[in-house]
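Chains C and F, in that order, give the protein sequences. 1 is the number of the first residue of the first sequence in the numbering used here; add one for each residue after it. 1 is the number of the first residue of the second sequence in the numbering used here; add one for each residue after it.
It is possible that some hints are incorrect.
In the DSBU-like style, the derived pairs of lysine-lysine whose C-alpha atoms are separated by at most 30 Å in a straight line are [claimed, not checked]:
| no. | chain 1 | residue 1 | chain 2 | residue 2 |
| --- | --- | --- | --- | --- |
| 1 | F | K648 | C | K783 |
| 2 | F | K845 | C | K711 |
| 3 | C | K792 | F | K817 |
| 4 | F | K817 | C | K790 |
| 5 | F | K581 | C | K790 |
| 6 | C | K790 | F | K648 |
| 7 | F | K576 | C | K790 |
| 8 | F | K393 | C | K583 |
| 9 | F | K790 | C | K583 |
| 10 | C | K790 | F | K583 |
Partial selection, computed: residues in chain F whose CB lies under 7 Å from chain C [stated by the list, open to error]:
| no. | residue |
| --- | --- |
| 11 | E656 |
| 12 | G662 |
| 13 | V670 |
| 14 | T671 |
| 15 | G708 |
| 16 | F715 |
| 17 | L751 |
| 18 | M772 |
| 19 | F776 |
| 20 | S777 |
| 21 | D779 |
| 22 | D780 |
| 23 | K783 |
| 24 | F784 |
| 25 | G806 |
The hints are simulated quantities; they were obtained by calculation from the structure and are not laboratory data. Computed from a predicted model, the values in this text were never measured in an experiment. We put the CB at the ideal spot given by N, CA and C, even for glycine.
2 protein chains.
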Amino acid sequence: MKKWVYMFKEGSADMRNLLGGKGANLAEMTNLGLPIPQGFTVTTEACTDYYNNGRQIRDEIKDQIFDALKQLEEIQGKKFGDPENPLLVSVRSGARVSMPGMMDTILNLGLNDVVVEGFAKKTNNPRFAYDSYRRFIQMFSDVVMEVPKSKFEEILDEAKEKKGVKADSDLDAEDLKEIVVKFKALYKAEKNADFPQDPKVQLMEAVKAVFRSWDNPRAIYYRRMNDIPGDWGTAVNVQAMVFGNMGNTSGTGVAFTRNPSTGEAKIYGEYLINAQGEDVVAGIRTPSPIDKLAEDMPEVYEEFIRIANLLENHYKDMQDMEFTIEDRKLYFLQTRNGKRTAQAALKIACDLVDEGKITKEEAIKRIDAKSLDQLLHPRFDDKALKEAKVIGKGLPASPGAAAGRVYFTAEDAKNHHDMGERVILVRLETSPEDIEGMHASEGILTVRGGMTSHAAVVARGMGTCCVSGCGDIVINEEENYFTLGGYTIKEGDYISLDGSTGNIYLGDIPTVDAEISGNFERIMKWADEIRTLKVRTNADNPVDAANAVKFGAEGIGLCRTEHMFFEAERIPKIRKMILSKSKEAREAALNELIPYQKGDFKAIYEVMEGRPVTIRFLDPPLHEFLPTDEGDIAALAKDMGLTVEEVKETCAALHEFNPMMGHRGCRLAVTYPEIARMQTRAVMEAAIEVKKEKGYDIVPEIMIPLVGDKKELAFVKQVVVETAEEVKKEMGSDIEYHVGTMIEIPRAALLADEIAEEAEFFSFGTNDLTQMTFGFSRDDAGKFLEDYYKNKIYEFDPFARLDQNGVGQLVKMAAEKGRATRPDLKLGICGEHGGDPSTIEFCHKVGLNYVSCSPFRVPIARLAAAQSALNNK
Amino acid sequence: MKKWVYMFKEGSADMRNLLGGKGANLAEMTNLGLPIPQGFTVTTEACTDYYNNGRQIRDEIKDQIFDALKQLEEIQGKKFGDPENPLLVSVRSGARVSMPGMMDTILNLGLNDVVVEGFAKKTNNPRFAYDSYRRFIQMFSDVVMEVPKSKFEEILDEAKEKKGVKADSDLDAEDLKEIVVKFKALYKAEKNADFPQDPKVQLMEAVKAVFRSWDNPRAIYYRRMNDIPGDWGTAVNVQAMVFGNMGNTSGTGVAFTRNPSTGEAKIYGEYLINAQGEDVVAGIRTPSPIDKLAEDMPEVYEEFIRIANLLENHYKDMQDMEFTIEDRKLYFLQTRNGKRTAQAALKIACDLVDEGKITKEEAIKRIDAKSLDQLLHPRFDDKALKEAKVIGKGLPASPGAAAGRVYFTAEDAKNHHDMGERVILVRLETSPEDIEGMHASEGILTVRGGMTSHAAVVARGMGTCCVSGCGDIVINEEENYFTLGGYTIKEGDYISLDGSTGNIYLGDIPTVDAEISGNFERIMKWADEIRTLKVRTNADNPVDAANAVKFGAEGIGLCRTEHMFFEAERIPKIRKMILSKSKEAREAALNELIPYQKGDFKAIYEVMEGRPVTIRFLDPPLHEFLPTDEGDIAALAKDMGLTVEEVKETCAALHEFNPMMGHRGCRLAVTYPEIARMQTRAVMEAAIEVKKEKGYDIVPEIMIPLVGDKKELAFVKQVVVETAEEVKKEMGSDIEYHVGTMIEIPRAALLADEIAEEAEFFSFGTNDLTQMTFGFSRDDAGKFLEDYYKNKIYEFDPFARLDQNGVGQLVKMAAEKGRATRPDLKLGICGEHGGDPSTIEFCHKVGLNYVSCSPFRVPIARLAAAQSALNNK
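All chains, please: the whole structure from these sequences, using the hints.
Take a look at the structure:
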């Protein structure tokens, strides 16, 4: 028979997957001989079985639970449900990884109308007994039976009001007895049944509630945000109660071995005299700092410090501990590696290394790479933020903090930026035409659009703060103001945005810039020594490129060339190209663009100082460059000497039903080889000139997007090579260059062996590859993905974290097939996934040479790459 | 050293891949001892080498050509370029399969200013010699050097006019000498060089021209239409000349051993006295029927008949032969299996079986499955067609012939159809709202849209004649008429459409219906005995289903359920469902739809008499059901008691950037399980009722579209199973049913092993799978695919023929993975590819259980399935 239940003494720290983190640590502490109220753990497998079994707990498991309960009775010398000498227990969830606040705790389980009387007698403390009972009824009703806690609070408040007192502690035994009667009546009214008096029923209902809680919407959301698989399940810990609410020689508290905000190596925590755990959390009474325990009960404090140090040394990490003092006797209820801020994580890791407790490698593994994001964007000055007024909230679309004057068009934003103002662009939604204005802005605020809207994606790429989808905003376009939260914000007024929380603030809050120094720098250096994966960045202008280099980027993995066309001076020229009726006219228009593109590339090459730069050729469908509103169309027609109808006809002819799957990428170069020719010329001339002027060893990497067939790549490559050789000849240069391709179409992955005959490198464009492989577009999927999360069909956003199971198969296949043809094929990834730690580990395992991500994720990628190397040694 | 050149006597019929069809047959005939002018063949590999070698013929090949030429000189006892006794040759292309008319022939090569003199002396026929020379100059200039033939014709015409004669034969030697001078002057003017006098140069230029011709646009197009790979290359046949233009005891002709139009077992052909091959083709003189040869030269005729019979018996197939008589001596210049109409193919195959010459299996293999299409649609009465007036031409979007009265809206078409009229629907372009009108029409004519437009795809599915993209049409919508080719066609006027040619005719041309009888029926019966692949049909109404059964369909592989919603009575109800604000309102609206869907399914189940029917649940995005024009929106708003703004808001909210990759397929059922519930109820109730009423053994197959994840299917399946069990219980039925899925998203193929845990069958939706795998949408790809064909990137339309190389990998993977999980998994294909013979062979090899295609392709699929079984024994 399978073992579904373990006594604490049967487990150990390495049984985390089976017993959950809490259960494993309780077992470990038991083995260490620490003062732990004993108990048992129902395994995570029992939880999985519950779900597979139509949400039923099978008898076998029930039997083992009651067997364990019997053992616990013997250990504690008490009996469950025995009024003479009752065993009371707590019931808590405990998954493999801590999911704080996801699932509630039930204390004092085992009390009923009879037992409470015996308990009062035995403890000689009727007030305490009835207080424990009313707490149990309240917690059980709320957590297990979904009777709202607030209704119980109302009864409690009434009783206090009636008696004219303020604190719960001012209620005496008789008051509490009356409250218990009312609580039970409320329960009966709500559930149409008596409050369960059988402790065994109470226990099994509580276990089921823990299992159920694994699938509540909060837990599902938390798992998605934290990459926790839904089939892990949670364990249940049943533990003998100890009581912090037995008087002034009792208490309960939470403490950390180091400061979780700053990392300072000093015990940090708080406790409450005469209280149960929930009181600390509830915040009704203000707890005292842990130091006060040294005054209140010095010998208990000393014991506490001894054990805290022992635990930190044992786990070799900062511990987050819960403890209870029952009549001067100290118990530990749990310990775990403490959550911490990124800043604290870095300091603690460095300190532990310096203290000789862990190695650099262990330090690297300890830090949550994702959390570094907090340190990589400007943030508000803490003091100023405390006084700031929140006027609304949108989605935290791109992290960081920004303050500036509000403008409502990209053009105004750009102009006022050029006049030296800090600006915030506020738009209904953004489109590619807004790029210049977005670039000029400190922050972007949109009324519509989700986390994957144009504004969000572009802003994240730029590292610009963005709050999207704030539907409460009403913009008045004629009079240039918007209203939000009862305030009217006019053009030119200051607001501040926090892209990490989605908060929108009134006024101009000062911000503090990110930099890599101190502990951060040390950790990054260690990471660089360990990792084998290179880290590049996605950047298409010198500012982003310089930023990325500052953050440690070793090259550019994706330099898009289309954003360059949206600038005010250039867009008329690209429109002219599109409206050209002949190849000759198109070439003439393109020739006008060469100096701009070349200038862009030169600036980037200069900033990159010889680091590799992969330049992707024109990708979006041409209609993205055309105007959509009547005025712009008329202006363009006039400018081009065409009728409005002619311009509209071209726009209509370029309209596509599914632009994502339309005439874009290398398909443009097949139809208009002259575009590829122009871009090749710009790249080669820029590279040769910078090489000559600065002496950098530049080897241009030209990347052809959206390839799905070897012949398609061969066709475009031929155009590129012909032009490149022409330029080399003209300029008397023998510069080397490489031509490669994106792998972003499923067919390219399937035929990677053939494509590698033509491609000198592959870069996985996992954004498009994800879209095509799943068959949904990022722009449209927002409408239904929530339903998928809700129904547990998907557990994470495949645009944020690579779907290793599905899309990953194509990446692996392409890597293997490509290398089979060309063993030295250089492989990289340049989708948004390139900055996601779990994807980075996948890339490491698949054998990619580098990942490329937005500048602000470069340090995350460096760390994640090092962790991948360590995890896969 | 590789052998690049083969003398005829060195080859044989089974060397077709190397020597091309013509070369292999010339070799075979040589071995049979038939009167063949000797020669040699430059291999197809030499052609491929030419392309791989930068369009150069390498010296090694050149050397082998001149070695072969030397051998030929010895055989013929003549010398190339020797004025005393010149060897003249013809140069012809010859690919593996015959590509009639793709590449031209050069005759009389080896003549120059000196040789022609000697030739005149030797033949004692200066007129003949100069006629041969002027023909050579003309052909060489045209075919090799691209000097337009017409310019030479002008000179010839001038000469005849000047002399006051009509026929070429009225020109004498002196006239021809003068013409030769003028021809050479023309050549020099055009090419800025003298006409090449060196016969070796002439020969090599001619060989190169043949190689080049393999890649001319006509050839590329022909290959694409006929599934011929571009890397096969063509061989070149160099053959000693014989002359049909040596006087009245000479001649040349073409003949078939049986009639290629009707299949009648009687020699069929024509010949010209005193002529070279080109004269027969050019049509300047009218050839005589082959019978006349019996009168003119009885002994030659007898010999001809003997050899023709010998060839047919040797190749066991109807032969298409070219012959020349040189001074009463008969030569065969080539033989090949003759092209034939579908009708002739069936008769010839049956006759050859009856004559004991071939087996039924061989007969099956002989017939081009695709060609059956000609027999499966109504066609115009031949006599009536001769008198008909073509007024315009569009794309041949869906084959068949149709005549009827013109109407300009789907509604008018429907109404007049209901009044008993035959109608032709004429639209700018069609949309899903037009479905009912399209169904009611005999034929559909659109101004916009290609071969893969909505009109074309839907019409092909229905087997309705359609001519699309006739851009010359100007529709006047207010006054209900259109103009085309100078004619004005008013509403109610008759026109006729030929969907196989794209021709648009004035008036009402009688049509003849298709039926399967006689030879066709015999062949189909044989095919059914041989094939292992089942053939189902795609049909979503009883009429199409009945048609398909008549054509031999063994079930329905794809019954779409959305078309049913577009009917006038129903669309308001589906719109009501879409505009519902609550689940309850949506359910109420859906309940109103149940009787309709159930009625549809009952009618289909009745027609199918117990044959399997796979019903696919709602697939398109909901916005397809909403009105787009202001009037309809206003009407809908009124109808629903909403404001116009509210309706517009819903429309706007449902707008998608890439609807193909949007909220559709099973994604709808995840968001609105009530839709799946309604459809399940309709299917189950219909099946149970028809089973009870008619006693058919119905096992409903419910197909969930667009699945990409096991959990997604599990979610929808649960809804289906719950509802189905509910209905079974209500109706007291124990009916079986199956739930399966489409495999049409790349991810579904990659994860087919997991998905098969939930799916009882897979049906490959290769339309969508092709779109997602290639990353282009069918609606948009038309804009650039032509460039892909032109540049030889793609050789065929991946929407017509399955891309076995890429998409096929996913199909194979899914089949293997699916069967690994569930060995009895039923596999089918229901994309448009299901009716394509080469795809059918692929499906056979991959181990699918059935293919499903439109009703009119069922016989093609039956035959192709039999051929696949034979080819893969």
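Results for each hint:
The hinted pair formed by K648/F and K783/C meets the criterion: a straight-line CA distance of about 18 Å does not exceed 30 Å. Simply put, K845/F and K711/C have alpha-carbon atoms about 27 Å apart, close enough for the 30 Å limit, and the pair holds. Our distance criterion of 30 Å between C-alpha atoms is met by K792/C and K817/F, whose separation comes to about 24 Å. For the hint pairing K817/F with K790/C, the CA-to-CA distance comes to about 29 Å; that is within 30 Å, so the pair holds.
A hinted pair counts as satisfied when its Cα atoms are at most 30 Å apart, and K581/F with K790/C qualifies at roughly 20 Å. The straight-line distance between the Cα atoms of K790/C and K648/F is roughly 28 Å, inside the 30 Å bound, and the hint therefore holds. With a C-alpha separation of about 26 Å, the suggested pair K576/F and K790/C falls inside the 30 Å cut-off, and the hint holds. Between K393/F and K583/C, the direct Cα distance comes to roughly 29 Å. Compliance with the 30 Å bound is thereby established for this hinted pair.
For the hint pairing K790/F with K583/C, the CA-to-CA distance comes to about 16 Å; that is within 30 Å, so the pair holds. In summary, the hint linking K790/C to K583/F is supported, as the alpha carbons are separated by about 17 Å, within the 30 Å threshold. Against a cut-off of 7 Å between C-beta atoms, the interface hint on E656/F holds, since the closest Cβ of chain C lies about 5 Å away. The beta carbon of G662/F comes within 4 Å of a beta carbon in chain C, closer than 7 Å, and the hint placing it at the interface holds.
The beta carbon of V670/F comes within 5 Å of a beta carbon in chain C, closer than 7 Å, and the hint placing it at the interface holds. Nearest Cβ of chain C to the Cβ of T671/F: about 5 Å, under the 7 Å cut. The hint holds. Checking G708/F against chain C: minimum C-beta separation of about 5 Å stays under 7 Å; hint holds. Because the beta carbon of F715/F sits about 6 Å from the nearest beta carbon in chain C, less than 7 Å, this interface hint is met.
Contact between L751/F and chain C, as hinted, is supported at the beta carbon level, the nearest pair being about 6 Å apart and thus within 7 Å. The beta carbon of M772/F comes within 5 Å of a beta carbon in chain C, closer than 7 Å, and the hint placing it at the interface holds. Of the supplied interface hints, the one on F776/F holds, with its beta-carbon coming within about 5 Å of a beta-carbon of chain C, less than 7 Å. With a cut of 7 Å, the hint placing S777/F at the interface with chain C holds, because the nearest CB-to-CB distance is about 4 Å.
A distance limit of 7 Å between C-beta atoms decides the matter here; for D779/F the minimum to chain C is near 4 Å, and the interface restraint holds. At its closest, the beta carbon of D780/F sits 4 Å from a beta carbon of chain C; the interface hint therefore holds under the 7 Å criterion. Because the smallest distance between the Cβ of K783/F and any Cβ of chain C comes to about 5 Å, under 7 Å, the interface hint for this residue holds. Interface restraint check: F784/F against chain C, minimum CB-CB distance 5 Å, threshold 7 Å, status holds.
Given hint, G806/F at the interface with chain C, holds; its Cβ is 4 Å from that chain's nearest Cβ, closer than 7 Å.
Comparing the model with each earlier hint shows no violations; every hint is respected.
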